[in-house]
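There are 2 protein chains.
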Amino acid sequence: MRHYSGQRRMLLAVDCIIFGFDGKDIKLLLIQRGLKPEQNKWSLMGGFLQPDETLDESANRILKQLTGIEGVYMEQLHAFSNINRDPIERTVSVAYFALIDIHQYETQLNDEYHAEWFLLNKKTRLIFDHEDMVRLAQKQLRYKAALHPILFELLPEKFTIPQLQDLYEGVYDAMFDKRNFTRKLMSTGLLIKMKGKDKSSSKKGAYYYKLDKKKYRIKQASFLNFVSKAEKFL
Amino acid sequence: MRHYSGQRRMLLAVDCIIFGFDGKDIKLLLIQRGLKPEQNKWSLMGGFLQPDETLDESANRILKQLTGIEGVYMEQLHAFSNINRDPIERTVSVAYFALIDIHQYETQLNDEYHAEWFLLNKKTRLIFDHEDMVRLAQKQLRYKAALHPILFELLPEKFTIPQLQDLYEGVYDAMFDKRNFTRKLMSTGLLIKMKGKDKSSSKKGAYYYKLDKKKYRIKQASFLNFVSKAEKFL
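In the order they appear, the protein sequences are chains L and D. The first sequence begins at 742 in the numbering used here and counts up one residue at a time. The second sequence begins at 742 in the numbering used here and counts up one residue at a time.
The reader is advised that the hints may include incorrect statements.
[To be verified] In silico BS3-like cross-links for lysine-lysine, where the CA-CA straight-line distance does not exceed 30 Å:
id	chain 1	residue 1	chain 2	residue 2
1	D	Lys899	D	Lys951
2	L	Lys954	D	Lys885
3	L	Lys925	D	Lys925
4	D	Lys960	L	Lys885
5	D	Lys944	L	Lys956
Worth flagging that the hints you see were computed from the coordinates, not collected in a lab.
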């Protein structure tokens with residue numbers, strides 16, 4: 742085996758940021774760190790990159806080992822490299838993130854694991870630079886959700902406008918004007934009004950909608966407005 | 742000094758993708774690799790992360806050492822981790838990219854260095870996975886340029902619409918309809934028409950424009966259309 746000489750090798754870690762929506766709130770999945778330092782403090786799901794795996798594979802393995810969750814598409818976010826980010830030894834960490842429907846993974850995420858969902862907008866103190874990682878993932882999620890209808894996939898088959906608004910308000914940690922929000926939603930042409938109404942939250946009730954999946958598939962990439970059909974170049 | 746035990750340390754590299762515009766074409770800066778394997782083959786500017794630097798610092802050091810160029814804002818793109826991407830030994834590489842005005846860096850990029858500009862759209866064979874890196878950077882550039890007026894910064898103080906169109910066509914490697922392109926440009930409200938005309942490329946001439954810098958500063962982030970004023974959350 743040949744090697745590059747005179748170069749220092751370092752530890753590479755992977756940390757997973759999993760956002761979840763439970764129909765009402767946006768949450769963040771955390772575990773208690775299993776090793777020193779900061780043992781038992783709240784942490785993202787992290788581990789070291791192994792010689793026989795890529796970063797993507799590593800992220801999936803770590804998430805499964807620590808939470809039981811598998812089959813989630815995680816996106817690579819950013820490599821964090823502050824020199825003293827890990828007090829034990831120099832470790833560069835590549836953060837991954839995903840947004841999932843909490844109910845869909847309930848059976849995977851069982852009591853065997855000690856992972857817990859925390860309200861995202863009620864900040865929890867995390868180890869190392871994990872709060873920076875979460876902040877960047879949140880920024881990226883907001884950017885994507887403003888351009889692409891990605892949040893629609895987190896809702897059940899039938900949903901109401903107030904439910905969708907709760908979701909957007911959770912992601913942006915802000916209140917949106919109801920009329921404007923509804924108007925913009927309708928202008929996307931992605932929603933199909935159904936006959937029934939949800940009467941659980943108000944007397945008047947809220948109509949159920951479903952996603953126009955055909956249009957959704959077409960519109961997913963076509964948010965671009967300056968360069969026409971720019972999505973075909975992506 | 743404490744260490745994590747039982748973990749394999751690896752090499753971490755940084756590779757820099759520098760796109761440039763010379764007023765006519767989009768180009769890619771390359772060097773001939775200085776060490777084995779693939780010695781003398783065309784390569785991105787790369788090197789190993791050192792113990793005393795962050796990835797951002799490393800990217801800037803490497804670019805300066807290999808090309809003389811400094812003071813360029815490079816954005817972190819992606820960490821590439823295929824197991825055999827470097828045939829000598831496992832090396833994970835973090836790619837950075839930037840788009841610069843070639844003329845602005847002409848004096849820095851002198852003959853002392855052996856860096857050369859290549860036409861981006863005339864693919865050059867590169868070492869390792871560097872072609873994948875360039876492809877991803879190009880995709881990212883197209884995404885950003887479709888949403889934000891970032892390309893306007895590459896033009897001289899006074900420019901014509903055909904010049905701007907050349908730039909967009911270079912980035913997207915496509916031809917745009919002249920009338921549509923002009924209409925979209927004008928609708929941004931970012932251009933101020935000047936009195937003089939450039940008569941060098943046609944008899945009729947093309948009006949000079951300049952960027953409305955105040956509007957540009959405001960509009961830079963406000964591309965978002967679904968969530969109103971979403972940029973304030975980014």
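Status of the hints after comparison with the structure:
A distance of roughly 5 Å separates the Cα atoms of Lys899(D) and Lys951(D); the hinted pair therefore holds under the 30 Å criterion. Taking the CA atoms of Lys954(L) and Lys885(D), the gap is near 27 Å; set against the 30 Å cutoff, the hint holds. Of the pairs offered as hints, the one joining Lys925(L) and Lys925(D) holds, with about 22 Å between alpha carbons and a cut-off of 30 Å not exceeded. Taking the CA atoms of Lys960(D) and Lys885(L), the gap is near 18 Å; set against the 30 Å cutoff, the hint holds.
A distance of roughly 47 Å separates the Cα atoms of Lys944(D) and Lys956(L); the hinted pair therefore is violated under the 30 Å criterion.
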